[in-house]
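Protein chains in written order, with our numbering: chain A, 459 to 766; chain B, 3 to 113.
Hints are computed from structural coordinates only; laboratory data are not their basis. All figures in this text were calculated on a predicted structure; none of them were measured in a lab. Where hints are given, some of them may not hold.
Which stretches of chain A does chain B cover? Using the computed rule of at least three CB atoms under 8 angstroms from a CB of chain B, they are [to be verified]:
{"id": "1", "region": "488–501"}
{"id": "2", "region": "517–523"}
{"id": "3", "region": "538–548"}
{"id": "4", "region": "586–595"}
C-beta: ideal position from N, C-alpha, C; glycine also.
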Amino acid sequence: MNYVISAPIGLSKYKPLPHIMCYDDFDNGLNGWMDLRCNLVEPGFTPRKSIYKQMRNAPVCLSAAAFGWAGTHGSMDGLYSLKLSTRPVADRYENMPAPGASSMAIKRLTFQHPLNLVQYETWFAYTVEQDRFGHGEKDFRAISFCMDIQDGTYRYVPGIRYVNSVNGQLTKRWQYSHSIAKSDEDWGYGSKGEWFANGIDPQWFGRRRPDGSTDSFQWLGEGKHELCYNETDDKINWIYFRMTFDLAKREYVEMECMGKVFDMRGLKPTLARRYSNIDMLINPFVNVENDTNRRVYLYMDSFCLSFQ
Amino acid sequence: MRQFQNSVLDYKCEVAGEYISAPLEAAWAIEAMFFVRLEDLRGENVRFNARAQISVNGVDWIDEGTAFAPISAEGQYVIRLKHFGGWLRITGRLEGEDAHAIVTTNLVLKE
Chain A
459 MNYVISAPIG LSKYKPLPHI MCYDDFDNGL NGWMDLRCNL VEPGFTPRKS IYKQMRNAPV
519 CLSAAAFGWA GTHGSMDGLY SLKLSTRPVA DRYENMPAPG ASSMAIKRLT FQHPLNLVQY
579 ETWFAYTVEQ DRFGHGEKDF RAISFCMDIQ DGTYRYVPGI RYVNSVNGQL TKRWQYSHSI
639 AKSDEDWGYG SKGEWFANGI DPQWFGRRRP DGSTDSFQWL GEGKHELCYN ETDDKINWIY
699 FRMTFDLAKR EYVEMECMGK VFDMRGLKPT LARRYSNIDM LINPFVNVEN DTNRRVYLYM
759 DSFCLSFQ
Chain B
3 MRQFQNSVLD YKCEVAGEYI SAPLEAAWAI EAMFFVRLED LRGENVRFNA RAQISVNGVD
63 WIDEGTAFAP ISAEGQYVIR LKHFGGWLRI TGRLEGEDAH AIVTTNLVLK E
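Same shape as in the complex, but just chain A (with noise of 0.2 angstroms):
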């Protein structure tokens, strides 16, 4: 069959591979982005006990990007983007993750073979509520953009995090999913008898250390890559970012973000063992962290996720 697929103009700012999954304009709607919320496997509608309460987690949203000085953003070609929110409320980055601390939106999806490539796009910017005077900057700890991915034989957690801030200090570098932790009790803080495995949900898991070191993400390059982030904290800048994985050798491909390329052959995310029921799933999700007592907020423009 001769066909011609006529493609939206706001694709054009993207590098898909050749064939394209999803296109998500948030103008258009949530696209099937969703909070993640724990699974309530308990009576009661309540969730297993955990040394990790992701019970807090504040909800996403549909955003206009508004600001009380600025006025309104509105996102690159339209005026609605995917808007991700922490709660007012963080600890030291040493610790867990406060309850609230973190916010976190995923996408369900499952894959086809033969694949040998994914690609995770999206453009986005960030900012803190601005609910005091000053530069916030240093008060907006992390993103990390991630894909769990359960391919038949493992599960694991490609993913890239940009650690912003450390306990205030600005820090600026970036990190890529990999566990050094020893265990899966070692993995969730030392608590035993828990649900998760090790390598699976390093948004959260993984033991950190006051340099921002982790051992759910390992840094990637050297020294600091500065994002643009305005004088104030009502002026957004949109920014791209790029994944690449190979599915077939279940390593890295190449992560590209603001003109910056890091060549990421042999790099690999920690495999866990496979989970019943979830065969071919493949999950894109992004996670925000506040570094104090603040909502930080993480946009999304839009999404793509094109496979090769």
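Add chain B to chain A, keeping to what the hints say.
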């Protein structure tokens, strides 16, 4: 088709005294409903008073004018809003001696 969003602002949140829900941006919506579910209500002369608030910036809040009738029993309750601008939340207080409740709040938005 119309846009629709059901957001869980707080899930099974322990409340004793003041309650302020998570805020949400809702500029795209024409109508909004706040659903509040109260569970495990304990204490003497317990009464939950809550009202809707609006904001121009998500930081400073003023009463919208719509409020729940005083709640003194477990169950689910709702208020309806129109013409609310960009930001929404509810705030309130659980009154009574040794008052305690578990509160779940949904904000349901429609174009």
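Each hint, compared with the structure:
1. 488–501: holds (count 3)
2. 517–523: Check passed, 6 qualifying residues.
3. 538–548: holds (count 4)
4. 586–595: With 3 residues closer than 8 angstroms to chain B, the region 586–595 of chain A meets the three-residue bar; holds.
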